[in-house]
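K.L.:
So you can see what is in the structure, the chains are spelled out below.
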Amino acid sequence: MTTSNMSADGNAVSSGSGGTRNIFATRWLRNILVQTFIVGLIVFAVVYFVNNAQVNLLRRSGNFGLGFMATPGSYDPSPFFPIPLKNNDLVFRFLALGYINTIIVSLIGIFAATVLGFVMGLARLSNNWLIARAATVYVEILRNIPLAVWLLFAFALALTLPNIVASAPISGPLGLSISNEKIILPALKFGDGMGAGTWLGFAPFDWQPFKTVGLETSVMGAPLVGLLIAFGIGAAALIVLNRRQDMMRAFNDREIDTLYVWLGLLAVTVVVLLLFGANMALGIASSVVFAATAFYILIWVALFLAAFTISNRIEARERATDAPGIKSIGIIFRTVAGIVLLVYALMIETSIPPMTSWTMFWVFLIGLMIANCLATLLDIRAQDIQNRTGERPATLLAKAAIFIVVVSAIFVVLGGPIGVSVPEPNKFGRYTANSGGLQIVNGFWILVAALAIYTSAFIAETVRAGIQAVDKGQTEAARSVGMKQSHITNLIVIPQALRVIIPPLNSQYMNLMKNSSLAAIISFPEITSIFHGTILNQKGHAIEITAIIMLAYLTNSLLISAVMNTINERVKLVER
Amino acid sequence: MSNETFFRRLDEYLPEQAPPPGNTGPVKWLRENLFSGPVNSVATVIIVALFAWVIWAFVSWFFLTSTVHGETQQACRMATQATLLEERLGSLRTEQRRLDRISGQEGSAFEDRRFKAFVNNLANLASKDIPKSYADILKNEANVAFNKGEIAKFDAAQAARKAAIVEWIEAGGVGEAPDRTRDARLKKAFEGDTVHPDAERFFVDGPDQIDWAAAGAMIASSLKTGNLDAAQQGVDQLQPFVDWGKSNSGACHAVFKKNYWQLLVNAYDRDQLWRPILVALLLIPVLAFVMVPRLREGSIGMVLGISTGLFPFVAFFVLSGAALKLSHFEPIQGAYPNIAVEEMTQQQMDDALAEVGLRLSRRDGQWVEGQSLEFVGQWSVRLSTGEVAEILPPGFGRTFYGLSATFTSITSSETGRLLIAIGALVLLIVLGLVIAQTRFGRVARPFLRFLQFVAGFAIVIAIWGTVINNPHFEHKRGLLDLTADPIEKLAQEDLEAKYGAHNELGRLPKAVRFNALMTRDPASIGVTQAQQDAAWAEIADNPIYDMNRDGVVDAQDDLNADDRINATDLAESRGDHAPGNIVFLTHVPVENTWGGILITMILGLVGSAFAMRAGILLALGRQSTLPVVRYLSTGFIEGMRGVPLITILIMSVFVLPLILPIQFQPQPLVATLVAVCLFGTAYMAEVIRGGLQAIPKGQYEAAQSLGLSYWQETNLIIVPQATRTVIPAIVNTLIGLFKDTTLVIVIGLLDVLTVMRNKIVTKVEWNQTLTEGLIYVAIFFFIFMFGLSRYSMWLEERFGILKQR
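Protein chains in written order, with our numbering: chain A, 1 to 576; chain B, 1001 to 1805.
Next comes chain B alone, as it looks inside the complex (with noise of 0.2 Å):
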């Protein structure tokens, strides 16, 4: 038995001890992870503190004490400058306390140089800032008043509440300050309900301003008399907005929430919106096609490929309705700035009637509406006597002229909308069953695919055509009756009267009608109040204009005017209704109309399209044994990868002009397209040149030893397989070119970075709200770009390409 219980048999082990309590779980994990070493366990605890204290101050700025209500900046801002109010003066005191310590007398603070600087940094703060900021809110008040038509009773209730403010800061802030409980006239200007909801709307949400201006003129005053005592009572009266800004003083969220559909589509015709919204719908199948390999086989893929193929075409007349504007002229008169039109040559005549009957021929309307008087009228003549067709030079334009006045002579009609779709229709059905039965099908199949293209644009044409023709969608359209507007009679007889001949050019400009109305009593000519008020409110609905109403209409302003044209300027500068003009849905101009993260997505789709295809043939032509091909192709891409984006961005928009004939000046959104697609094409040929190199030479002796010609062996063997080695470089040069794009704000096209900077912070309402605009945008590109990333990663798994180390 004893040697039983001493032996051991061997297949019994020690039960299993619990591991000791720093070996297992989580505590392990972190032993090994983060305090391996005492210069680890240093290293987590510095990063932990730093991540924390980071993290913290964005989550308390940005979520914890931010605000998203408020039509201004400002109202975001009062609490923030009330607490740094607060707190700069607490440190004054404290700084006084000190000195006065030391020099062992009280007062004697004043007398110190670094102090005094101090205290009136903080007098500045107070009565400088606080105040400017008031008038802004006044400015802004006065605005929205007068834009819903309560100018006059408004006009008296501001007025008089202005001078009772400032009357009370000049006399040195003592005492309260007027308001419209306590002022006499302030009371009797805001009586009744004659003041707007809007206006009302600053006493309403949060603490008054004007308590706001009575404490910082307070503050200012006792400080700059040195009694620190005064200026505490004047921050204790900004408590209530400590108080209610202790929950705002954080990021203005605002800023985004009123300014979303500019950071969008920028001034794209509110109206219009469906348009842009529809081309990011259609786009959800093109990427799918394009970014997920499985969905082009088959059928779908079929389908799906057609409409890739014709999502360019549609979005872009989707987006531009039918008006296609090509070009952009400068006036006559910038073409030939010292010369009178008495005193030109022949030639140059000439030429300065090709360029102004182009423009006529297009209704250029934002060209005609800076011009004048005397020029629209004389131009008007020889438009109407037919003279301009004799002037155009022979070529382009003359048969451009010839060409639209055809096509809208066809399809201005409904019967031959109609047989153009069905045509149209039949096409693509035709097409669509040879390409997919026949052997000729298939061996035509790229030239079938092309012809399909055309079909599909013309379907689209054709329909879109007619449902916008329908007398349903006439408003949408823009087609004014011009003969009912009294002022537009009225400018008409003007040019009558001076020229003889009645304007053809559809409705007149700005410029001239209010010039015709300007010039006359309104009693005199017939025209009613309502008639007057109207074309009034048309001026103030619009605020690119000067809203004096003694003053003069200031039509340069129009022109300046680049991100707020609205519905009617858009009506007047397309002039659908002419001869010579396509109108299938309303021209939205492309210049300063469009913007934002349409523009970024513009320029950033079609730039990665064009590098895509145009690289492989770069790539292609830098690998060949032909010298000049060669040379010309290295040449090309060395050239733009040794220069700065910025500079051929530069080239493109101030030189292409000079380098191209006058017909075909190019929009600065098209110049930009092409700077980006050039600029993406060269680093794209270097990458797909990485992949060409990656290809064994067996692949290449083996496609040759079956015979393919050079263009079957590089379509069908040695690009694919060069694609597909080089994915994550592709998507990381894909990558640079969208990040790319926001340098297009040296030029001032409006993408989103450039709308958000130049365009919505700038507003007096959202000054300094700089940092929270660029958090958004910055937002927007880390999704997009961290996006394409992951995308790249798992293009890579999928191929297994990415070795396992």
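So here's chain A without its partners, still in its complex pose (with noise of 0.2 Å):
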């Protein structure tokens, strides 16, 4: 570091014989000049840009904004995973499932990555001479091969996959099927059959104020606004309840600056986006479409706010009574219910039918995250009657009982909502997308599997290079104390590793989140390939395409680090 340097000079350097001061050797003023050329260098810049952005739009004619997004868009009408779309629906839609696909493949590739990985990883340092050199040699062939290759031979691989329609496809029981263009499964399927939802008072699942109002005729502007409005009470919520110190714990002091760019340039991004959608939100006012949205959005927001402070709660908790094993519970708690909040924000845009099935799916994830809530707490008064008395109670039966009434009060009360959707073809022995089943289209499992495989050679490095930066006193000790192979493992070993591993595993976390977009070149239907490969193509707007894409990105990467920072500050090694 420079620091330093602001010590030593502050007042002018006296030069030459004359002793006449030279202002430009004044550090504070050679700083201050320095900076105002910076900036206004970078003022110039965008003002030149944006004055010939404004000069080349004029001459293709091209308008400026976010109107585009209310128009309707054409896409090839397949069923998509997890949400149909119909052709000519608005581009919004287009934006959302896009969005929603990357999350999903996201977090699926980000699970597998990491089991794949510190398997691969423990691989490496095997006993068995065989399983370390298969494990490297698997390392090595993934990690120096570019993922479009992979990508691109997999694809190829799943062509050579039976004909969906010259054909019959691979099958199984329950009308499985595996073909070249999907693959069915017999699926559980939420909210077929019942009169659920009425307790709640005004029948959510029928209640689609889009659909009665007519979206496609009223302003789509409001939606959108709300949404983004949404977003900014949202990170301001962030800020304002988790106090600062709370923040910089989840960075460390250097990274500080970090955070603050990062917000900064959500909020640039948001600002403009608000910017450009102006124009739509001037008749939000007039619109009843106004009140139902808003009315979604604050009892999402609201709920938001509730399962953040709860989990704040039980984080203080879990900090004062040091438990052990249910660390970061707050923490998950508060993604989940985070992307539950953007996924559904999403889906209010997406009030097609399937949406209720949806809405039930979210339902019992919210249910089973309170139980969880309840089941740490009780987790956590163990903690506190151990160390007060030197007992735990049994907890193990009460927290099974907590889930099972939980669940089961949810499946009451919506009316036993849960059955078994065995896909079926029709007449002409074809799956179509109303065949039932959960369909998943080989695009996507090809872009998880690629994904995941792929960074898992990138993790399993990682995890190497962890599980050898512990020094190798620590198990000879823990073996001199008759430790056990497999506790030497789990107790020992990976505890002190983790503190190695976790800062890499946030850029590998980020990087699979961020190789995501290349479903571009298989046409999985992720928020780039989408928005880059078709509306870009139909609509122009490069500039606020983009913006959008990034701004997505942007996000995805924000909540990642966040997430893993707030993580690598519970395994890092605590320092007087």
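FYI, nobody ran anything at the bench for these hints, they're computed from the structure.
Each hint can be trusted.
Straight-line alpha carbon distances no greater than 30 Å define the calculated DSS-like cross-link-like pairs of lysine-lysine that follow:
1. B:Lys-1763 x B:Lys-1258
2. B:Lys-1028 x A:Lys-472
3. A:Lys-484 x B:Lys-1028
4. B:Lys-1739 x B:Lys-1257
5. B:Lys-1739 x B:Lys-1258
Some chain A residues flagged as far from chain B (calculated, every beta-carbon gap over 12 Å):
6. Thr-26
7. Phe-111
8. Leu-368
9. Arg-381
10. Thr-389
11. Glu-391
12. Thr-395
13. Ala-401
14. Ile-402
15. Phe-403
16. Leu-438
17. Ala-449
18. Ala-477
19. Ala-478
20. Ile-494
21. Gln-496
From the three backbone atoms N, C-alpha and C, an ideal C-beta is built for every residue, glycine too.
Each chain sits in its own coordinate frame; assemble them with the hints.
P.N.:
Here is the structure:
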């Protein structure tokens, strides 16, 4: 660090024999001048670029703004996972679909890559010579060939599967089938055949204000602006609720710059998008839709804030009692709650029939989270008791009871809305979007598998380095006190290795999330693929579209980084 | 005595026993490493089995049963398909027997729904796919024959053959297929030596395609009637294919054998291939200088260092030729799509004039090609009256025009070039002496190095110019004698008749010339048959034109033809001999012409070179005490790292043209380079920041106590240590950057992966060879990347940074 420069000569430095002061030798003045110059340069560049953009857009007779989001776009109406879209749906719905797909692909990919990466990392250190070499080959082959090649390769292989039209796909019991187009599985189906929801007083599952008002004819800006406002509120709440120290804790000192910069980038992008959207926001006040949207969003913001507060409390308790084994529950809760908020807010835009079942799914997920919270509180209490008396009460049964009670309560109250949907081909032997079951287009699992396997090679290297960083004396000491091998690995080596592993893991996760944009080359409808591949061709608006895509990825990066930094805070060595 | 025998001397030990058989040599190693416990043993066995399976499958597919010969993938695939068909028919018969056994009666199998689907599938495979590939081959044969000038003769044979086979297939494919040995018409058509040897090829290499189609049709028809035995006969007819293909059912290496030049440089003019090869050779000393620390010392280091500095200029110059196309405009119609020229406002008109003037001043042939006759005519007039220079906007455009004209006037004379070369050489020598000898040289070294670059560049230009201007190389420059071209004359006449001005654009666009030809009766204008044939041969040579004699030549095709620009097109599009262009080497346009490994290397090398330098600056900026600098650097780094490279590529390619003025529209390659450089810089900055943070504070303090300035401290003390500490991370980042260059596939820039996937395996004759193609690309990357990572290990060991554990 060059901080010591500052202290040295704040005063003027006299130069030469005349003793006249050279004002450029004055450090503070020079600093100010340099910075002013840089700022001026940037301002000039921005003005210049904006001016050029105006001229060029004028020449191309293109308009500027987010109005295109409310116009219908055309896209191949083949069934997507997870939300089917009609052809000629509004562009905003494509955005929602793409973003949800990005999140889903990233989350599943991260989970799978972590598991696979840990296994491979441990395999590289195996005592078995062959396993260690096999893991090395795995890592080297994957690392040294670009992901794009792997993706295309997997795609080429998947195309050799039986044709879904010309021939019978590979099929199994319960309607399971594999073909060159999609995999079809029997699925748990939420929300079928029940008069659920009426107990809530406003029949949420039939309550689709956008449908009744007629979304296509109403102002499209309202939900968008509402969503962005929700983002803003959420970010503000994040800052206000979490005390500054908490933020500091989430990012270590050096990275506090990073945090501010990120928040700044997000804020700038949101403001820019809001400015773009201002033209659409004019009609909001007179719209029924606005009231409905606001209501929806307010409910969810309230829920989110509540969840946030609860999780903060739990975290505080965790820290106070130093409860082992239940760390990070609060973080996970908060993260999932945030994702639920985001996805749900986006889903408002896609309120088409399958919505209901997804709503049910989210209700169940929230139920599980609540149960999890209660179980955590139980654990904390047990830890308290143990701290006081030395005896830890058995909590297993109680925890199981909590889960069973909560889940069955939801199940009963909603009218038993779970059934099994077995896919059935139509009379021509074809599977269509209406055939039921869980239909996963091949692009999805190819993308997830390629991302997970590719990233797992890097994670394996990280894990190996982390484990090797644990001093050999630790293992020897553990062995000398008679611990068995699995205990040594789980209780001694891995907890210490995690300190080294987690920071690089953060960037691997971010890489995975960003690499999911490669879906563009196998035509899986994820946000880059849809927006860059389809909407940009149809609508133009390169600047706006690029800004939206970047905003999405920046948000994701920030989320991942925040979560990982918080986890890192937990595992890192406490220093005096 | 007994005592002596009873006591044993203590230094006499028992003789060393051989260790038990299980504890020595390879067995010991096996026991310790592979079978140390039950779990380990099981894992070993599983891994061995897995490896054996995977490796055997790959080896047998990729090596043992692969085929290297063949003009198309069908040659590779015929055998595979025949084998497949045979296998499937076998399983079909088994299934039938099973179903018959269940139902207790024969023939019931065809009532079964699933069985039917199976049969239909097989019939499809036999009847649809095979004649389709057969038709592809016929088309290909026709193309080959057509291009060789055997059109008329081959046409008849081809048509007769096709008619006969189609007739026979439609009749149900009963009996023996028409063959040139069997069918009278075919026999007649193929008689004598009229068929070109290339067309004959298909009847010599391997079994006959007709046999194939015949068997396929027979299988299909007999399956539809439910006669499995007849289908079996059809499959038996395919036996020659199976026999022939027994050793050829694996990978199709012909896709690489036939296309490796395209994979290397895509559509780079084949006559000019010595240029990329020269650049590749020049790269060797440069890489040696960069990668081997020892070579940076002494006089060798001096020479290598200078050539490294010169390399980018030389490489770009050698690769692209001299006529540097800076810009890539949309046509004026694109700029104002909905406004007729008469209705334009003054401002719009001025803009358009400026744009067109710039284009014409650069002889942007590709652009001119797309315009209508009227348009070219109008602007020919404007150009010939000197109006263009007037209408150019003040500033860069006019300056560029003037500068290039001046430069051309100097460099177009032999003496001028010679003077430049001598001057530059003298400058270089003097500078070298100054740098080597004097104190001034030591102080002003960076500045002098820059001057050396300039001098070296001038020398290169002058020498190449002198050599290439030799009449001996005239044909290389594509300087065609326009007046000897009758069609060119006609086109000029057209222009003069219509606009009263002579065209000075160089050779007129193809569309204009063929318009001139098409609108006249050849006899009336004194064009001989030979000349007309030559004109048509020119079209026929060029696969982008519709080969239909009666049809209209579609000039738009010329614009769309990305990778098939041949030498003639190049000669036209560069407009070398026009004033305002500097000609030393023929220009090879970057867009749609360069590609393959060439582009991958350009992206990777330029990206890494830029990232290494700019990354250091940015990392220092992030450590700066000036808040503005720090926050801007951090914002840049985090912004770049927070989004995928794809979005930055999109940003560059779509947004950069929007925010830049019309005079500076970047080519796709340039836009991509900008994106890759910025992206690499952000990552490199983070790596180097790690190195900076690892430097103990004492180093800074020591440097300050010596009275070093900030830049001295940074250059001499901090950065060398910082970069050395993080060598592995730097190399990893470079590997990542190289791998990420494959992402240009989304914007259609032709790197090695895109060429393979979008250009090679999408050709008719190479479809279904994507897997092989990708494996070749993967091998290229693996060798390259693995080598780099081993190199980083070598560096680590050499610097002794890797801590021994």
